[in-house]
Amino acid sequence: MRVTQGCFSFLPDLTDDQILVQVQYCLENNWAVNLEYTDDPHPRNTYWEMWGLPMFDLKDAKGVLIELSKCRELHGDKYIRLSAFDNTHTIESLRISFIVNRPAHEEGFRLERVEGRSREQRYSTRAYSLDRPEGKRYA
Amino acid sequence: MTDAPTPAKVNLAEEFDRSGVGPVLQQLDDELIGLAPVKQRIREIAALLLVDRVRQKFGLIAEAPTLHMSFTGNPGTGKTTVASRMSEILHKLGYVRRGHLVSVTRDDLVGQYIGHTAPKTKEILKKAMGGVLFIDEAYYLYKAENERDYGQESIEILLQVMENNRDDLVVILAGYADKMEKFFQSNPGFRSRVAHHIDFPDYQDGELLAIAEGMLTKLHYKLSPAAKQALAEYIPMRRGQPHFANARSIRNALDRARLRQANRCFAAKDEIDLEALVTIEAEDIRQSRVFASSR
Numbered sequence: 000m001r002v003t004q005g006c007f008s009f010l011p012d013l014t015d016d017q018i019l020v021q022v023q024y025c026l027e028n029n030w031a032v033n034l035e036y037t038d039d040p041h042p043r044n045t046y047w048e049m050w051g052l053p054m055f056d057l058k059d060a061k062g063v064l065i066e067l068s069k070c071r072e073l074h075g076d077k078y079i080r081l082s083a084f085d086n087t088h089t090i091e092s093l094r095i096s097f098i099v100n101r102p103a104h105e106e107g108f109r110l111e112r113v114e115g116r117s118r119e120q121r122y123s124t125r126a127y128s129l130d131r132p133e134g135k136r137y138a
Numbered sequence: 000m001t002d003a004p005t006p007a008k009v010n011l012a013e014e015f016d017r018s019g020v021g022p023v024l025q026q027l028d029d030e031l032i033g034l035a036p037v038k039q040r041i042r043e044i045a046a047l048l049l050v051d052r053v054r055q056k057f058g059l060i061a062e063a064p065t066l067h068m069s070f071t072g073n074p075g076t077g078k079t080t081v082a083s084r085m086s087e088i089l090h091k092l093g094y095v096r097r098g099h100l101v102s103v104t105r106d107d108l109v110g111q112y113i114g115h116t117a118p119k120t121k122e123i124l125k126k127a128m129g130g131v132l133f134i135d136e137a138y139y140l141y142k143a144e145n146e147r148d149y150g151q152e153s154i155e156i157l158l159q160v161m162e163n164n165r166d167d168l169v170v171i172l173a174g175y176a177d178k179m180e181k182f183f184q185s186n187p188g189f190r191s192r193v194a195h196h197i198d199f200p201d202y203q204d205g206e207l208l209a210i211a212e213g214m215l216t217k218l219h220y221k222l223s224p225a226a227k228q229a230l231a232e233y234i235p236m237r238r239g240q241p242h243f244a245n246a247r248s249i250r251n252a253l254d255r256a257r258l259r260q261a262n263r264c265f266a267a268k269d270e271i272d273l274e275a276l277v278t279i280e281a282e283d284i285r286q287s288r289v290f291a292s293s294r
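If you read the sequences in order, they're chains A and B.
Quick note on numbering that gives the first Met the number 0: the first sequence kicks off at 0 and runs consecutively.
Quick note on numbering that gives the first Met the number 0: the second sequence kicks off at 0 and runs consecutively.
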């Protein structure tokens with residue numbers, strides 16, 4: 000199952016040329032571009048590992064793409080997302096975030112049903128990949 | 000070969016006008032005094048760009064040339080000034096995408112402990128992408144007497160990026176001629192990757208005078224005729240003294256002349272008009288120790 004989140008989630012994955020253009024737009028707006036990766040695809044997992052520091056004061060998107068290719072070399076079997084932080088007063092939050100790398104095979108989620116008090120039915124989703132320990136989920 | 004129809008002939012003059020290169024070269028001629036070899040080389044680069052564009056129209060291969068440069072010359076011959084101008088020129092010529100200048104020295108590239116150098120150098124290179132990386136006094140990167148110096152690591156990363164990211168950034172190395180020569184001898188990789196070795200000649204006395212007037216005009220000052228004469232006498236005398244640094248010596252001399260002019264205006268304690276405020280008189284220059292020592 001293809002996990003989607005963030006901007007452009009309705010589109011096929013962006014190519015490197017398309018990522019380059021998006022990053023250049025971010026840099027021209029003075030946003031700090033940041034790379035993060037994780038192997039836990041659950042949508043509620045907001046704590047992704049940072050790939051280095053956010054990239055401040057770059058002028059050209061090529062610098063970000065170099066970092067991205069290095070990150071892919073090491074974490075090519077995980078999810079990598081690119082986000083841009085706008086530090087303008089009163090905004091001070093992410094302006095854009097999209098997935099730039101995903102595992103070759105995504106196993107998807109299973110629905111878990113839990114019986115609560117008074118036979119109340121509760122549901123939760125759990126990624127199949129989480130059955131394996133961290134680092135071996137998409138090997 | 001492309002599928003676009005190939006024109007039979009292309010008007011080079013028309014192409015030149017459209018490229019916007021003309022004003023850039025003109026501005027260079029107007030604002031920089033002397034430096035004939037430098038201007039010549041920039042003109043050649045511009046010509047190559049133009050011809051490449053025309054070649055592309057005919058479907059011929061037009062690969063981006065290697066533009067890494069080394070600027071050598073004595074102190075104060077305008078290496079840094081030209082480098083900052085160069086990024087702008089290359090941007091207008093379309094060789095670099097953003098046209099910003101990242102100016103660094105050894106301290107910015109080389110770390111202080113093992114494993115510190117590579118991230119530092121890469122960080123700088125990332126910032127320089129799409130622009131010009133200017134490494135001032137590049138020979139300090141390599142220290143022959145210490146083979147475990149971290150500079151070597153930085154050099155290796157630089158060489159790799161200079162080769163692989165040729166169309167992403169232009170590296171300019173600058174330094175004094177003799178030391179740069181030694182640097183290139185001990186790092187042959189650099190010499191072969193740097194396509195343009197540009198030597199900055201020392202300025203003539205007349206050129207220095209013109210530079211001085213240009214500096215003063217920019218600061219809203221002017222020389223009285225007598226002061227101009229004094230400065231013309233000052234320049235060859237200063238050249239004869241040790242630590243002469245071309246335009247930089249002239250700038251320092253002018254800074255001191257401005258101090259004396261301010262002091263003179265202040266000492267007069269009279270009402271002062273605009274003319275007196277902007278004019279540097281001969282006495283402001285003739286008080287220099289250069290004149291004192293020759294007497």
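Each hint should be verified, as a subset may be incorrect.
As the list claims (entries may be wrong) - Estimated spans, in silico, between C-beta atoms of each pair:
| no. | chain 1 | residue 1 | chain 2 | residue 2 | range |
| --- | --- | --- | --- | --- | --- |
| 1 | A | 72 | B | 83 | 27 to 37 Å |
| 2 | A | 10 | B | 184 | 52 to 62 Å |
| 3 | B | 10 | A | 42 | 57 to 67 Å |
| 4 | B | 13 | A | 94 | 35 to 45 Å |
| 5 | B | 136 | A | 94 | 57 to 67 Å |
| 6 | B | 264 | A | 92 | 35 to 45 Å |
| 7 | A | 20 | B | 274 | 31 to 41 Å |
| 8 | A | 92 | B | 28 | 28 to 38 Å |
By construction, these hints were calculated from the structure, which means they are not laboratory data.
Note that this is a predicted model, so its numbers are computed, not measured.
Just so it is clear, CB atoms sit at the ideal spot from N, CA and C, and this is done for glycine as well.
- prompt: Has the hinted range 52 to 62 Å been met by the Cβ atoms of residue 10 of chain A and residue 184 of chain B?
  reply: holds (54 Å)
query: Do the Cβ positions of residue 20 of chain A and residue 274 of chain B conform to the proposed distance bound of 31 to 41 Å?
result: violated (57 Å)
query: Could one say that the CB atoms of residue 13 of chain B and residue 94 of chain A fall in the range 35 to 45 Å?
result: At roughly 43 Å between Cβ atoms, residue 94 of chain A and residue 13 of chain B fall inside 35 to 45 Å, so the hint holds.
Consistency of beta-carbon spacing, residue 94 of chain A to residue 136 of chain B, with hint 57 to 67 Å: violated (40 Å)
- prompt: So the hint says 35 to 45 Å: do the beta-carbon atoms of residue 264 of chain B and residue 92 of chain A match that?
  reply: Distance hint for residue 264 of chain B, residue 92 of chain A is violated at roughly 55 Å.
Cβ distance range 27 to 37 Å for residue 72 of chain A and residue 83 of chain B, holds or violated: holds (35 Å)
- prompt: Using the C-beta atoms of residue 10 of chain B and residue 42 of chain A, is the stated range 57 to 67 Å upheld?
  reply: holds (60 Å)
message: The hint says 28 to 38 Å between residue 92 of chain A and residue 28 of chain B; measuring C-beta to C-beta, is that right?
response: violated (50 Å)
Violated hints, in rising order: 5, 6, 7, 8; the structure is consistent with all others.
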